[in-house]
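Sequence lines, in order, name chains A and B.
Numbering (full-length UniProt numbering) for the first sequence: 1 to 154.
Numbering (full-length UniProt numbering) for the second sequence: 1 to 154.
Hints in this document: simulated from the structure, not taken from any laboratory.
Note that the coordinates shown come from a computational prediction; the quantities given were computed from them, not determined experimentally.
In this text, a Cβ means the ideal position worked out from N, Cα and C, and glycines have one as well.
It cannot be assumed that every hint is accurate.
So the derived label-pair ranges between C-beta atoms look like this [unchecked claim]:
no. : chain 1 : residue 1 : chain 2 : residue 2 : range
1   : B       : Lys35     : A       : Asn110    : 18 to 28 Å
2   : A       : Ala69     : B       : Asn110    : 42 to 52 Å
3   : B       : Leu22     : A       : Phe58     : 34 to 44 Å
4   : A       : Gln124    : B       : Ala32     : 31 to 41 Å
5   : A       : Gly51     : B       : Thr33     : 36 to 46 Å
6   : A       : Lys70     : B       : Lys72     : 45 to 55 Å
So these bits of chain B aren't anywhere near chain A, every CB distance computed over 10 Å [to be verified]:
no. : residue
7   : Phe15
8   : Thr33
9   : Lys35
10  : Gly59
11  : Ala67
12  : His75
13  : Val89
14  : Leu95
15  : Val106
16  : Glu122
17  : Cys123
Partial chain B-side listing against chain A, Cβ under 10 Å, derived [claimed, not checked]:
no. : residue
18  : Ala96
19  : Gln124
20  : Leu128
21  : Ala131
22  : Trp149
There are 2 protein chains.
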Amino acid sequence: MKNFAGTPGTVTGLFLRLFQCLFAAGSIASMATTKSFFNFTAFSYLIASMGLQVIWSFGLAFLDACALAKKKVIHNPVLVSLFVVGDWVTATLSLAAASSSAGITVLYFNDLGGCSVSIGEECQKYQLAVALAFMSWITIGISSLIMFWTLAAD
Amino acid sequence: MKNFAGTPGTVTGLFLRLFQCLFAAGSIASMATTKSFFNFTAFSYLIASMGLQVIWSFGLAFLDACALAKKKVIHNPVLVSLFVVGDWVTATLSLAAASSSAGITVLYFNDLGGCSVSIGEECQKYQLAVALAFMSWITIGISSLIMFWTLAAD
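Chain A with its partners taken away, still in its complex shape (with noise of 0.2 Å):
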């Protein structure tokens, strides 16, 4: 199995990962504080799916930390199946999660007059969390593409 930048067990690894939880909390703490987002299943299903990610990406992010301290590379093949199919679905959960606010923020931003209408102020801070979504699935979309290939090149 090759050992490149990004693959469990390095500092690019967990970097990626430390960045993954970074904006999905952020997405979270920025949809969380407004005051109507339970109005909207698709606000909720953001929250549901960003915690998700952070709870994903705190785990491998403590494996990773686990194997640089001990110096040992994890490089079992069932393990990085297992991580493979995990990181796939979060990513796939949220760019779904990011989309479905991006089109309902857009459409209360731009389709239906301006941002005052409806909901007031409290727009930046849905376009705050849409935009941290879509940065934390870039993030995992990375590392899923690393680890889908490590696994393959195997």
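Mind docking chain B on chain A? Use the hints.
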């Protein structure tokens, strides 16, 4: 390069491409016959993304059919890399388009108290378009995974 069901130039691959085309074309047809899709950015984006999907899948279906007719296997690594990138790009765009449209459809159908309030009987067409877009995404997702695996296992 391994040769298994779904790789370019096989009957399974051809059928996957044809289903992608059919689902995407059905989604466009269902969405474009509604009266007010152009008021929603996400619905217009769905049509654009499904249009790209139809062109891409039809092109690859044509290539597969040619390869089948000439009994020649297309396993040029450069060509397969190109297919992989194109597949991943269209799959991501399709998922994003389907999710953002689904977000808006759910908003109108559930969150704002039923469909008849704002966009009336056209709701079923929107829902059909979203469902077909998701089915198109599932088939292109299968194709993408197979293609990526083919390339990585080279």
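Comparing the hints with the structure gives:
no., hint, in the structure
1, Lys35(B) - Asn110(A): 18 to 28 Å, "holds, 20 Å"
2, Ala69(A) - Asn110(B): 42 to 52 Å, "holds, 48 Å"
3, Leu22(B) - Phe58(A): 34 to 44 Å, "holds, 42 Å"
4, Gln124(A) - Ala32(B): 31 to 41 Å, "holds, 34 Å"
5, Gly51(A) - Thr33(B): 36 to 46 Å, "holds, 39 Å"
6, Lys70(A) - Lys72(B): 45 to 55 Å, "holds, 51 Å"
7, Phe15, "holds, 23 Å"
8, Thr33, "holds, 20 Å"
9, Lys35, "holds, 15 Å"
10, Gly59, "holds, 24 Å"
11, Ala67, "holds, 23 Å"
12, His75, "holds, 16 Å"
13, Val89, "holds, 12 Å"
14, Leu95, "violated, 6 Å"
15, Val106, "violated, 5 Å"
16, Glu122, "holds, 16 Å"
17, Cys123, "holds, 15 Å"
18, Ala96, "holds, 4 Å"
19, Gln124, "violated, 19 Å"
20, Leu128, "violated, 17 Å"
21, Ala131, "violated, 14 Å"
22, Trp149, "holds, 6 Å"
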